[in-house]
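Here are the chains, one letter per residue:
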Amino acid sequence: MAAPKKIPDRHYNFRGMNAVFAWSSIALLVTTLWMVWDDYAKPWKRLQAEFRELEREQLVTEAEAERAKLNENDIARIEEDIAGEEAALANKRNELDELEDALVATGKNLYAADARSRTTKSLLDTERFQFDVALQSGDEGRIAEVRAEVERLAATHLEQRKELESFADQKKSLEADIESKRSGLESSEKRLAALRSGYDNLQHRVASLDKKIDYYVLNAPFMDFVLPDLKIEQVILSGLYNDINFTDVDRVDRCMTCHVASTRAGFDDETWEQPFRSHPRLDLFLSASSPHPYTTFGCTTCHGGLDRATDFARAGHSPTSKEQEQEWREKWGWKPQKYLEMPIVPANYSESGCIGCHAGNVWTPESEHQDAGRQLINKMGCYVCHKIDYPAFEDLPRPGPALHKVASKVSQGFAYKWISAPREFRPTTWMPHFFFQPNTTSPENLERQKAEIRSMVAYIWSQSESPEYPPAPAGDVARGQELYETVGCTGCHIRDADAKRDDFFPQINRLHGPNLIRAGSKLSSGWLFAWLKDPKQYNPATRMPSLRLTDREAADITAYLLTSRAPEFEDAELPAVDHETRDALVLEYLQNNLTIERSHAELDKMDDGARDRYLGEETIQKYGCWGCHEVAGFEKAKPIGVELTEEGSKPIHQFDFGHIHDVPHTRHDWIKTKMLEPRIWDEGKEEVKSYSELYRMPNFGMSEREAEAVTANVLGFTKDYVVSSRRADQAPGAAALAAGRKLITSYNCQGCHLIEDEGQAIKTALEDVAQLPPNLASEGARVQADWLFGYLHDPSSVTMRPWLNARMPTFGFEDEQVNTVVSYFTHRDQRESFLSTPSRPDGRNLTVGRVTFNMLQCAKCHPAGPSASTVAGVSAAELAPSLLLATDRLRHDWVPEWVTDPQSWVRGTNMPANFQKMKDGTYQSPLAQAIEAPMFSAQKREMMRYFESEEELNAFLADAGQVTVALRDHIWWNLN
Amino acid sequence: MDALKSFINTLSYPWFSFTLSLVLFVAVVKLKKLWTHAGGWLMLALITVFFCGSMLDENFRSVVAKPDNVPIVMMVYLTGYFWWLAMYKGIKNDQAIEAGAPTFEKSESEDKVFTWPDLVFSELICMVVLTVGMVVWSIVLKAPLEEPANLSVAPNPSKAPWYFLGLQEMLVYFDPWMAGVVLPGLIIVGLMAIPYIDTNPKGNGYYTFKERKSEIFLFLFGYIVLWVQLIVIGTFLRGPNWNFFGPYEFWDINKIEPLVNIDLSEIIWIKLLGVGLPSHWLPREIFGIILMIGYFVVLPVAMSKMKYFKRFYDEMGGPRFYTGATLFLTMMLLPIKMYARWVFNLKYIVHIQEFFFNI
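Line by line, the protein sequences are chains X and A. Each residue of the first sequence is one higher than the one before, counting from 9 in this note's numbering. Each residue of the second sequence is one higher than the one before, counting from 20 in this note's numbering.
Keep in mind that the hints are not guaranteed to be accurate.
To be verified - With a cut-off of at most 25 Å between alpha-carbon atoms, the simulated SDA-like pairs for lysine to any residue come out as follows: (1) Lys693/X x Phe269/A; (2) Lys189/X x Phe320/X; (3) Lys52/A x Leu97/A; (4) Lys116/X x Glu106/X; (5) Lys49/A x Thr98/A; (6) Lys229/A x Glu117/A; (7) Lys274/A x Ser698/X; (8) Lys727/X x Phe269/A; (9) Lys613/X x Trp469/X; (10) Lys161/A x Thr603/X; (11) Lys108/A x Arg18/X; (12) Lys53/X x Lys161/A; (13) Lys387/X x Pro399/X; (14) Lys85/A x Phe320/X; (15) Lys343/X x Pro163/A; (16) Lys330/X x Ala715/X; (17) Lys339/X x Gly224/A; (18) Lys343/X x Leu160/A; (19) Lys697/X x Thr603/X.
No lab work stands behind these hints: they were computed from the structure. Predicted model only: the values in this text are computed from it and were never measured.
So that you can see chain X by itself, here it is in the shape it has in the complex (with noise of 0.2 Å):
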């Protein structure tokens, strides 16, 4: 086919090859251009060139106000002045110019003085040297010789350093001369340079962010190595790690490149948009004053994302919801980052982010949101289920009420409705829904639920006592309600048929202990009374304290709680179960550990009670039932949930979402629909999966507030790991906090005190603000430790406070818990727990503290004998403690701190200032001004005999803290 052809001498076409050659290189050459423009071109450079823009402009808007108040008067009259000593100068121009010129030549003779000097000075220390190298050598000839040449020079330089000394001194005077000359002038110069300061710092800073050629030469491409104004901000935070799994590395933030303002303060304007915003909380974090600086804990320590980012989306921010990540995907180019683990926290659970130094220490502070959630958890009782490896989640006592006498409390057929929806009898209940949830809706499951309750019940019913309790005497019901509403119960109670958990967010004290609604459709009066009058006498392991009531008073109060019903829920009957469905479920629990034949077996020796109690036993190992509630027989079972301490490190891929298309693949959106929807994740599964695989965390009835807040904690729980160094749970003292935080939470003292600021939320059920129990701010500072201890053991010993209605309860601690709370309050207030004895003072002490305890009128509000509940002419509001409980309660050392300034102790303390803090931080006493009134004539005398002279008297009174401590030995051992 192919005839012979002429051998070609090239292959190709040149001038064709020749083109190709030209256009690749031209593409070589744009393909390299883009390169270097798309390296350079980084969104944050933009950003922070937008940001001095608009800085640029808002100092010029500063600058133009700060000209506007600049007194044109004022300025006029300066530079009037400045006009007047320049003509004055003029005059004298001559004599100026022959002392500026003779100046100029005494600098010249002074340099040159100086230079010789020098120069004389190194050969002098050469010859020096050359003495000892002769020395050494013994040459006499050549010592003789060097010798001679270092006297001379030796002789030269102290010539020639009188000559620099008297030019010196020439130069001085000279100056001093035009200094005097000049002066008028330069004062009024250096008077209109403060005037105008203010204005032209402004106009310096803008100055400064003016664009000139050497910004443009900086920061293009290529130059922007050297010296850029626009370039990568980052802090380096040593201990604070990113975990990588195989190792911990640094943490190097570098957010501020793009949030430019956000450790300066000014720019929280609405005129500011992110990412030019300031910190919300500069006072808290990123401010060198704050307790959070930004170069110790940088940013991602606490919001989590990709520390080094400096991309929008790379640096893994998380939107709030959809809308915002619609407007984040079209101005940022948002998108998931699949292969971040910790994307940033969005904003509404930052407070995650105290967790990991904050843990230890049980509450947070100022971190109201992430506190909320740790007391939903608490009361909810996740960590019975989900170990939680945290101080705060251990070791506490179980949430629900013990179940080993309960068959004394309800009958059997209350509580198959209890179980099966706890909400219809109770809405506000901490007690979860278990059944009838969305995955178990066919018929077949609705008839194992049934019979899972009852067996349950049976289960329970067959380990319980019953101690019988005779019926209660008659009470009044209105005496009953009063009781109710004054002594106390409403500190953890509430009676309210309407009442929904989510209004009591984030405050959930008074929740604490059960919604006392339709009590008379499930108690007997005489479970109740006798519940009331010692609640550990049914159940030793109760939080419930003792009110001390009589039995007239538990009567009336026990009359008034039953007079709430429910009739629906009385003489309720056990349902009557599928046989079938129950043995059913019998034979599936036996399989799992016999063969189908010996299961069989098994069934067929078991009768109908004891297969009732069998599939009960199962089924509340199934639910953990006992994490909440001591039931006989499961007091070492083990947690049955998925732990928690790491779950907010949990890889997203573990996250079972199911079928579930909707809600988005995020750690806290998975984590808040669990809580909102626990059961959410099979849906559509119910047919596919066994009954026993269908997942079964129980429905807490949450609001979405309620769930943000429990999320904001899990998402906390992380692996991230922190020096101890920055962890505040590292302090001194911090265990002894954490354990008595966590003993407050757990017996709800602030559900009547205020304490660290929170509490006190019987608030919301008195009336009366002067029968609120007391502000526990600096206790450990007032009270000794050892009254403190014998207080909480036996608070009916003392009544400081005998107009309060409400009672301090009778908790029945035992020794360690008290102490633990002694040891808090003492921690907390860093005071010693053991105190020296005081000795006595001198008369002089004795007597002014006397005079001086009725000048001020002390007894006016604290009542001379314990026991009196009232003052003539004060009203109850206004009544303080007894002054003569002082010596065994109050530390010696506080109370003249705190008659100095109460309100440093307590904010809002009813006790007047009678001293006045003065600028300096000392305090002012009124008493020597007040001493020289007539009506004062006799106590003058009285103390003038322990006093040299009226000025030492004087002296005395004015000090704050002789007085103070004079009042303090007064009621120390003159009143007790």
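Place chain A on chain X using the hints.
Coordinates of chain A only, in the frame set by chain X:
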């Protein structure tokens, strides 16, 4: 459209697709019309239409458009192109030789090779164009970096680098020791041994198909079917848990496939003979061992007597022939084992867990 997709999905399951590709491979090599310009363009168009059309499917796109998989798409095109080029030139040359005319190579130049500027200049242009390509690629597609490696979390599917995916695919059918050590070792050794086994001087310095039909066929079978195709399967069609997914199938991480494979010893002792497995490995695995000895020892000898192979034996001589035959049979072990798996659920021919010897 869905019907078509589900048809293609079904078709792509290993059992079908492997058989289909065997048939296609033979047909394609035999079909001379394909190895022309028109045929080349047609194949290019078909592949491109398939890729572009399939990109409309979300599941297909999510796999193929992954930045990691860009090289595989390139590989498909490159392999196709070079295959076509060799076949095209080979067939043209064959025709020329038949007509007594000089081959391509000869007609281009005789006794000399154009180096400057022909070779060097075109190399330079290639370099420039490739650099442009690489720069654009690196700007447009960011490096597909994932999260830091985590000891406790293995990515699912865990995939080897793309060029090893053929090896990883072999792991489905062989013990790791075979698929990971013996076979790759033999591939390298075998490739190195080719010039010593195949001493036939025909085809040196010029493309030809006719003069080396068996050799080319054999090589292409090993390369295209047993290597490239396995890479493509490993990349595009193996999803979570190394389960097989059709090109338009969603990679469902929860997909479960039955695990019912059994060993040859179980087939023979239990299913056929109806007695239990002997407890000692030697009697238990004796059938597999005999089979393997037969395959690797008896079969090559038998082959040397067979009509088709005899001429190779005569040409090559004993040592070369037996080495080549052993390598060839080792290669063929892969398709044989694949079919045995699909047809008999065969797990291992020889399965001696006592000292980890599994074939």
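Problem - Given hint Ala715/X paired with Lys330/X - CA-CA distance at most 25 Å - result: 18 Å, holds
Exercise for the section: For the pair supplied as a hint, Lys613/X and Trp469/X, confirm whether the alpha-carbon distance does not exceed 25 Å. Expected result: 22 Å, holds
Handout entry: Satisfaction of hint between Pro163/A and Lys343/X, Cα-Cα up to 25 Å
Key = Answer holds: Lys343/X to Pro163/A is near 15 Å, not above 25 Å.
Practice task
Sort out whether Glu117/A lies within 25 Å of Lys229/A, counting only the CA atoms.
Solution key: Roughly 10 Å between the alpha carbons, so the hint for Lys229/A and Glu117/A holds.
Practice task
Quickly compare the C-alpha distance for Lys52/A and Leu97/A to 25 Å and report which way the hint goes.
Solution key: 20 Å, holds
Problem - Straight-line alpha-carbon gap Lys727/X to Phe269/A, limit 25 Å - result: Judged against 25 Å, a Cα distance of about 33 Å means the pair is violated.
Handout entry: 25 Å Cα cutoff - pair Lys697/X, Thr603/X
Key = 22 Å, holds
Problem - Proposed proximity, Phe269/A with Lys693/X (alpha carbon, max 25 Å) - result: 19 Å, holds
Problem - Pairwise hint evaluation, Pro399/X against Lys387/X, where the allowed Cα distance is 25 Å at most - result: Holds - the C-alpha atoms of Pro399/X and Lys387/X are around 16 Å apart, at most 25 Å.
Exercise for the section: Assess, step by step, whether the Cα of Lys339/X is no farther than 25 Å from the Cα of Gly224/A, and give holds or violated. Expected result: 61 Å, violated
Exercise for the section: Verify the proposed pairing of Lys116/X with Glu106/X, using a straight-line Cα cut of 25 Å. Expected result: 16 Å, holds
Problem - Holds or violated: Lys85/A to Phe320/X, with C-alpha atoms at most 25 Å apart - result: 22 Å, holds
When the structure is compared with the earlier hints, violations turn up for hints 2, 8, 10 and 17 and for no others.
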